Each structure stands twice: as structure tokens, then as C-alpha cells.
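*Asks:* Given the coordinates of chain A, work out where chain B should sit on it, guided by the hints.
For the record, the sequence lines run as chains A and B. If you read the first sequence in the numbering used here, its first letter stands for residue 1, the second for the next number, and so on. If you read the second sequence in the numbering used here, its first letter stands for residue 1, the second for the next number, and so on.
Note that these hints are calculated values from the structure, not bench results. Careful: at least some of the hints might be erroneous.
Think about it this way: if two alpha-carbon atoms lie no more than 27 Å apart in a straight line, the pair counts; the simulated DSSO-like pairs of lysine-lysine are [to be verified]:
#, chain 1, residue 1, chain 2, residue 2
1, B, Lys-88, A, Lys-115
2, A, Lys-25, B, Lys-88
3, A, Lys-115, B, Lys-91
4, A, Lys-160, A, Lys-25
5, B, Lys-88, A, Lys-160
Remember, predicted model here, so these are calculated numbers, not experimental data.
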Amino acid sequence: MIASILTYIFTAITIAPIVYILITKNVIRAVFSLAFSFLGLSGLYVLMNAEFMAVVQLLIYAGGIIVLMVFGLMLTKTTLNKGFITQHRSLFFGSLVSFLLFISLAALATRSGFKVGFTEHAGDPVAQIGQLFLTDFIIAFEVVAFLLLVALVGASYLAKKSGE
Amino acid sequence: MMEAISPTYFVFLSLFIFCAGIAIIIIKRSAIFVLIGIELMLNAANLNLVYFSQYDPGMNGLMTSVFVVVLAAAEVAIALAILLNIFKHYKITDPDELTSLKN
Numbered sequence: 001m002i003a004s005i006l007t008y009i010f011t012a013i014t015i016a017p018i019v020y021i022l023i024t025k026n027v028i029r030a031v032f033s034l035a036f037s038f039l040g041l042s043g044l045y046v047l048m049n050a051e052f053m054a055v056v057q058l059l060i061y062a063g064g065i066i067v068l069m070v071f072g073l074m075l076t077k078t079t080l081n082k083g084f085i086t087q088h089r090s091l092f093f094g095s096l097v098s099f100l101l102f103i104s105l106a107a108l109a110t111r112s113g114f115k116v117g118f119t120e121h122a123g124d125p126v127a128q129i130g131q132l133f134l135t136d137f138i139i140a141f142e143v144v145a146f147l148l149l150v151a152l153v154g155a156s157y158l159a160k161k162s163g164e
Numbered sequence: 001m002m003e004a005i006s007p008t009y010f011v012f013l014s015l016f017i018f019c020a021g022i023a024i025i026i027i028k029r030s031a032i033f034v035l036i037g038i039e040l041m042l043n044a045a046n047l048n049l050v051y052f053s054q055y056d057p058g059m060n061g062l063m064t065s066v067f068v069v070v071l072a073a074a075e076v077a078i079a080l081a082i083l084l085n086i087f088k089h090y091k092i093t094d095p096d097e098l099t100s101l102k103n
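Chain B on its own, in the form it takes in the complex:
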């Protein structure tokens, strides 16, 4: 179905998404932006896994990407709960200003 487009195209696409995620994590001063960057990086990995899995009869890449999605969901739930607690204690959302987790 996708013979017309070379694998390098998809590798570059996921590379762009991954590097954009890293840039977002470094540049933005908000914890939600950091979460967005992490999600983008996980999605870049998923894109590669799913693309190369269509040429694999065992579909190992596809299975791995399903597990990655589950782990991403768990991670976002935990991270947002921690963020909520931090906000209630310190009234900040910038990860730079957070220097201690206790007292």
C-alpha cells in the first residue's frame, strides 16, 4: 500500500517529531508543556515501530507500540496528580522554580 514512499520519509518524520519534543521540553517554562514534549517523543517512537511493523509478519513492533501507549497513559495520570499536589503546596507550575519536593 505504501510502496511509493520510501522508509526514509517516515524515519525523518518521526525524527522531526522527536526533536521537536526535546525542544519543547527544554524551551517551555510549564510542566504541561514538558508532558506534551514527552508525549510527542513517545509518539515518534510509536510511528517508527508501527511503520516497520507492517513488513514484519510477527507484528512485534505493533505489539510494542500498544504497550508504549498504555505506559504513556499511566505516566500522564501520575504526572498530573503530582503536578496538582505541587500546585496546591507551592502555587507554581514551572519545573524550574521547584527545588524541593518535601517541605
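Pulled out of the complex, with its shape left as it was, chain A reads as follows:
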């Protein structure tokens, strides 16, 4: 019962900033709304027994990606437009495409009738995740670690080279 109420509250915290991002023209407000949306998603992950994912969401999304976006925003501020105001374009077709996609996928989701059985996870989930990283997912783990290294070095190189 309490879990259901918390789920609805966190859903509201997730959805309300997204609706605000859809209607606002201010980029900096949109970025900070996105942070609130990530907080709501993190709460939902806790309710789904995925505490590790909730912490990862808070650290990387709300902590890292939001800060990166704010820095990118501050560094690309033009004096032409006032502040961080942007404009809308093709409002009708954008809304139409996403609305039609939503309708069709929602029809698909209602018809499929998902059924889930309750499964008790044996042991500590975080310890299990660590074991899976080093056994079943070792190749993906190494590849993604290398990719992250290359991506961050490449990003700093790209950002530095333009300063010359």
C-alpha cells in the first residue's frame, strides 16, 4: 500500500518536469527540471528493488551529466538571443509524430497483457551485480571500460584543440 502511494508520488516527480521541459523555451530551466526527473526515476528504482541502479542514476545522471550539460550551456551562451531562450520549430509535426507513436505503442502494450511472477532474489543484489560483472558480463565490462576511456580522452582532446 505504502509502496503504491510512493510509486505514484515518484511518478509525478518524474513526469511533471518532463511536461515542463516540453513547454518551456528556457534551456537552463529545462536542464534543472531534467535533474528533478532523474531524482524521481531514482526513487522508482529503489521501489523496484534496484538500489544499485538508483545510486548509479543519482551519481552519474543527476551528478555528472547535469553538470556537464550546464557547463556546455554556459560555454555556448550567445549574446544574440536573450539569456537562454530558444525557439520552437515544426510544433505541429513534432507533436503529431510523437503522439501517433505513443498511441500505436500504447495499443500494442495494452494488447500484449504482460504477466509477471514474483521472484525472490537470492542473496545481496549488489554482490550479485559485482559477481556478474566479473563473470558473465566480463567482455562487455572491459569493452565499455575501454570505450569510456577513449570517449573521455577524445572529448577532452576535442575541447582543447579548438582553443589553439
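*Replies:* Just chain B, lined up with the frame of chain A:
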């Protein structure tokens, strides 16, 4: 823990987030908004993966979503570096006005 709420609820929630991301990418005239839309779409996928992973003893969905988060972080770092370069050369942030990457 979540028996009271049906899976369709979460499928619809992630569906809404995904379609909102697509709408943001199409409608807004700013590269940062495009990045926000991409992040929202990745988060919608993650929500589904994590939700259905709690009924999976192997936790494959949860592992996949961790990799998705790492890829999203790498993608944002690269995209912002490219955006910074574009801004230094052309003084624009609107992806529509950008017609060439070289000269």
C-alpha cells in the same frame, strides 16, 4: 513489493517518457535540448529494463541498464565537446543552421 501496480503502468510510464523525448528532439531549436531528449529516451529504456529485471533471477536487464548509463555518459561528453567546437567556429547552437562540419 510492487504487486499492487500492474506492469502496464510502468510500460506506459516509460512510453510517455520516450515519446516526450522524441517530441523534444523534433520541436526544440537547441542542441542542448536534443541532448536532453536523447537522455530521456535512454532513461525510458532503462526504466523498462530495471522494472522487468526484478522478476528475472539472472538480472540481465539490470546489467544492461548499467551499460546503457555508461554509454549515455560517454555520449554526452563527446556531444558537448563537439557542440563546443561548433560554437567556437560558427557561433550557433541550433542544429538546423549547421549545414557543414568542415570549413
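*Asks:* For the pair supplied as a hint, Lys-160 (chain A) and Lys-25 (chain A), is the alpha-carbon distance within the 27 Å limit?
*Replies:* Distance ~30 Å between Lys-160 (chain A) and Lys-25 (chain A) Cα, so the pair is violated.
*Asks:* Under the criterion that the straight-line Cα-Cα distance not exceed 27 Å, is the pair Lys-88 (chain B), Lys-160 (chain A) satisfied?
*Replies:* Holds, because 12 Å separates the two Cα atoms, which is no more than 27 Å.
*Asks:* Starting from Lys-88 (chain B), check that the Cα of Lys-115 (chain A) is at most 27 Å away, please.
*Replies:* Violated - the C-alpha atoms of Lys-115 (chain A) and Lys-88 (chain B) are around 53 Å apart, more than 27 Å.
*Asks:* If you draw a straight line from the CA of Lys-115 (chain A) to the CA of Lys-91 (chain B), is it 27 Å or shorter?
*Replies:* violated, 52 Å
*Asks:* CA of Lys-25 (chain A) to CA of Lys-88 (chain B), is that 27 Å or under?
*Replies:* At roughly 23 Å apart (the allowed maximum being 27 Å), Lys-88 (chain B) and Lys-25 (chain A) satisfy the hint.
Of the numbered hints given earlier, the model fails hints 1, 3, 4; all others are met.
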